[in-house]
Amino acid sequence: MRLNMKNIIKLIAVLALFGTTSVSARDYISIVGSSTVYPFATLVAEKMASQGMKAPVIESTGSGGGHKLFCAGVGVEHPDITNSSRAQKDKEFKLCQDGGVTDIIEVRVGNDGIAFAYAADYEWKYTNGATMKGGIDLTKEEIWQAMARDNANAPTTWYEIDKRLPKVEISIMAPPPTSGTRDAFDSLVMKKGCVKDMLVADGDCKAYREDGHVIEGGENDELYVEHITKEQGAFGIFGYSFVSNNSDKVKASMINGVEISMEGIQDYSYPIARPLFFYIKKAHIGVIPGLMDYVNEFVSEEATEGYLLDAGLVQLSPADRAAVLDAISNQTNYK
Amino acid sequence: MFFWSLVLIAVGIFSSFIYGRSRIKLNSKKQGTKSKSLPNYYAQYVLMWCLFPALIVYFSWAIFQEQIIQNIVISNFEYIEGAVYNEGLLLAEIRNVANNPSFADGKSIEIINAASHYSSLRQISQISFYTSIIIIMLLGALYASQKLKPEFHAQHTIEKYIQYILIFCSSVAIFTTIGIVFSLIFESLRFFAEVSIFEFLFSTEWYPFIPIREGQTAAEGSFGAVPIFAGTFLVMVVAMCVAAPLGLLTAIYLAEYASQRVRKIVKPLLEILAGIPTIVYGFFAFVSVAPFVKAFGQSIGIDASPTSALAAGMVMGVMIIPFISSLSDDVINSVPQSLREASLGIGANKAETIKKVILPAALPGIVGAFLLAISRAIGETMIVVVAAGTAPNLTGNPFENVTTVTVQIVVALIGDQEFDNPRTLSAFALGLVLFVITLFLNIIALQIVKRYRERYE
Amino acid sequence: MNNSIAKEKIISLRKKRSLEDMRFKYYGFTAMCLSLAVLVFLLYTIFSKGYTAFQKTIVLLEVDYNQEVLKLTPDSSDEDMEKGKFFRVKKQAIENFFPDLSKSDIKLVKKLFSINVDKEIKDYFLDNPEVINTKQQIWVTAHSDVDQLLKGNSRRDVPEDRRKLNDIQLSYVDQLVEENRVKQVFNNFFFTKADSRHPEIAGVAGSFMGSLFTLFTVFILSFPIAIGASVYLEEFAPKNRITELIEVNISNLAAVPSIVFGLLGLGVLLNVFGLPRSTPLVGGSVLALMTLPTIIIACRASLKAVPPSIKEGALAVGATKTQAVFHHVVPLALPGTLTGTIIGLAQALGETAPLIMIGMIAFIPNIPTGLTEPSAALPVQIYLWVESAERGFQEKSAAAIMVILIFLFMMNAIAVFLRNRFERKW
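Chains as they are written, first to last, in the working numbering: chain V, 1 to 335; chain A, 1 to 457; chain S, 1 to 426.
Please note: incorrect hints may appear among the correct ones.
[Said to hold, decoys possible] Keeping only pairs whose Cα atoms sit at most 27 Å apart, straight-line, the calculated DSS-like set for lysine-lysine is:
id	chain 1	residue 1	chain 2	residue 2
1	V	Lys249	S	Lys151
2	V	Lys249	V	Lys54
3	S	Lys83	A	Lys107
4	S	Lys119	S	Lys25
5	S	Lys239	S	Lys311
6	A	Lys34	A	Lys107
7	S	Lys321	A	Lys25
8	A	Lys267	A	Lys149
9	V	Lys54	S	Lys85
10	A	Lys350	A	Lys264
11	S	Lys239	A	Lys450
12	V	Lys125	V	Lys140
13	S	Lys25	A	Lys147
14	S	Lys119	A	Lys450
Hints listed in this document are in silico derivations from the structure and should not be mistaken for laboratory results.
Next comes chain V alone, as it looks inside the complex (with noise of 0.2 Å):
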């Protein structure tokens, strides 16, 4: 360790490599959001960096979280776009404003349905043994019966609610607040199908019970999955496009008698069906390389009729479609 020539160029040489790093400006595109939507974004991100451009960097946060996070400001310091499984609340349009994010251009992606399913491998049988035929079919009612915590009734097992469900003991896993898919389905089922006659005074229709029958998971699907594999006739909350995919393990129960398919989400006649969106933040369009790009791939035929329909996105119909292809190339505020 003596300080002479050798280990002088030792020492330039450990400089030398110190010298190479230096923080450089944001050339990325920064994206947050749904996790309904984060798969289908990473597929597009995916796609982007296969033609030798910069990948985005996505995480996801949830809808309610992205649009926080969204809406704190202009700047490289925040995303560029937020993914959302469902349309921007006045609430949050506002914090926008606030936050001098004011041009916004919303992106409808595509329609996503609801799915209420439970494991694969499991038969609904009836207490004298004999399987239910096809499979459950659930109404929105039936299902606002066994999740509300403001039904008097209080069901134990789908029995209680009606007669020709098996006696199954109730047990169905939501998901948290900061969900798009727990907004979407609060407003379409849970609000929907409240019944007004069951339900107890000042009670409120979108409360979920906690009694144990309905619990709260994250935002990590393969959880749900954990849960309603490991007890046998649960119910869990899934997006369509993780159903599809995982058509092994998931299975999903017909709603008001119609089973969930891509056609039925298209034209919403599925029951739970909802749009899915992206919002770009306008003042960055133009900064951060490549922002359009990623849009226009996202929104493009190669996309919306191949690897994203593969992935189970479904498609827009043809007028919304163009008006979402309308909205991007004059960049339209969409308030």
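Once you have looked at the hints, place chains A and S on chain V.
Chains A and S in isolation, oriented as in the chain V frame:
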């Protein structure tokens, strides 16, 4: 740019060293006296005066250059009347245009001008950077060379500098600890401002989902960590049930029975077991052990969870076997030979000697080893993240799904992070508990082992 | 008479005792064998699950590079060629993959191919532009579901609705096998590509580079600091309260769970210092702090192993303490310190939890090129693949484990080599 500056510094170091050497030789020849220190020390002295100021310039340039250039660019930007600009975005745009010419298509003339301004400023900055490095090195060398007199004690000065550097290195460990304690306590205090500490430590409901936005209907969150502590304890107990007997018996066999050759083969193999990354154990638990536990549970009529405490605990036990066996091995080996010989001498056989003499003598050390292993098991993350559950469950049944402190920390910090929400902050409170417990176990274990060692030294 | 009974008793007692002795030895032996058996079983599990990932399945596809479909002409510029409608060509090729396919069948056939096929068709064309208006037989990558089926990783005897491929698709695959239009070749993607959402084109190149950058940061930070600290503590530090505090501190830091270092990285490096998330710079800094105690302890041990006589000899001939230490003790201890550093680096290479805390689990389909770019790391990649629902990722995670184990093995081998080659026994 910074690469060439390093070349420059390198050249400076070299020449200053050579200069220092030859200069002192010359000076002492001139004066006809021998220098107080060896020529190399004077050379090093010059070198240090060359290197450190240059490094300071180097790093301050690296840190401040961008800031200064940006300020100049922005202050000279030709704002268009009436247009509203966001400074950060404008800068990003200018920089991205300057760094990537193809991105300039369709940009306004102001932006392109600013980008070229930016580029030219960078060039100026580069040139002045090189110049200032050269100047500062020359100044340093000049200052140092004035001291290059034979009567100057270069060695003393150099050694003093070296001491300072060494002390700085040693204090990094202290800073790390302060950093850990500070960040854990700071965030935990924010957590306990919203959740009562009694609820956290004694309540049995862990339900961390609380509404993040207004207008959401969700149950009130509750943060009773008892099920999490219980789950951690259960997994740890399972792990110790596997690791304690296997590790201890292996250590006894290796220390007392095995031939030199067997020791030579087996010890490195056990070290492999210790060196395998924990995520690999997690994989092993997930694909091999968990299905096995489930099948085994079914065969004896118990409905085992796919993420049972048993599977995670067993694999964790395997992970800490080498830990226990090597520590116990050391402890057993340090039992004085005289005790062994005395016992064998009065006619006891090996097993009796071990059971009646060696183990009692080594007991404190073994307890210490076990405590260290427990602390390791409690802090282990990846095995339980992969193989244990995420839902809190207050149970003593190892076939059921449980969750642990480390799993909950990971769950709370993956995805949505809000540093004003107790859900995210709970990770730090759990981390604090984990830190305190492992520290406590570790201190006790080290004390026990130390006292034990002293007894036989 | 009494004597003989006593003798018998003694003999039986001795027998019992020696039996006990044997039994105890046998217990120890069994425990040792059991521990080693688990090691063997673990390695066997990983190998048997992982070796298939080094092969990929490719399918022979006839592609018609029709200029009308491509919207190109033989003399299109390179730039135009980039924009050719290759996905249309692929669509057509798939429609004609089997004779007389109905619309619903086409959908099923399409799912036999990887998403990367578009790019492969395009790359083939860009490499050989002369094939325009000709039909070409190209080997393209099959979908992971086909790959897994042919490798025997997914079973075909489960009910149809629990399979990824339905009965019709299975019959197609069988037909392909019969006609020799499908084969397995070396999986170059695994070593050249970064992470992907599609198992068949996911690779470890991205996470490997991320790990390399991270380890580089660890080395740069921890090696000089560890040597400085251990030299100070071992040779110079005065015996006082502060020194004792530092020593206790280091031994306790060594036992702090790695996840707590992750919290330190999140709470201080990211939130206070504002360093960029998900980057090797932050990951490496956290791991450097984590491995520092390990390396310091190893360094101190090797400094301690140098006999004091050497230092005393130097001091006796008039060297100062600094000279004695830096000219004589440290060089002799260097192999030991290097060994310790490599072992510390090996520990850092396998560490996962702290990296998760600082966000190195983002999905990064690019191969990182610098310390401040978001990137993944090998162990985190393994975690992501283990957690993934897709069956195709399971073999990938096992194969990635094989890669990481090989590297750990190499690092340890280097450490042992250094120790044996350079370390002197005194």
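Which numbered conditions among the earlier hints are violated in the structure presented, ordered from lowest to highest? The structure breaks hints 2, 4, 6, 8, 13, 14; every other hint is satisfied.
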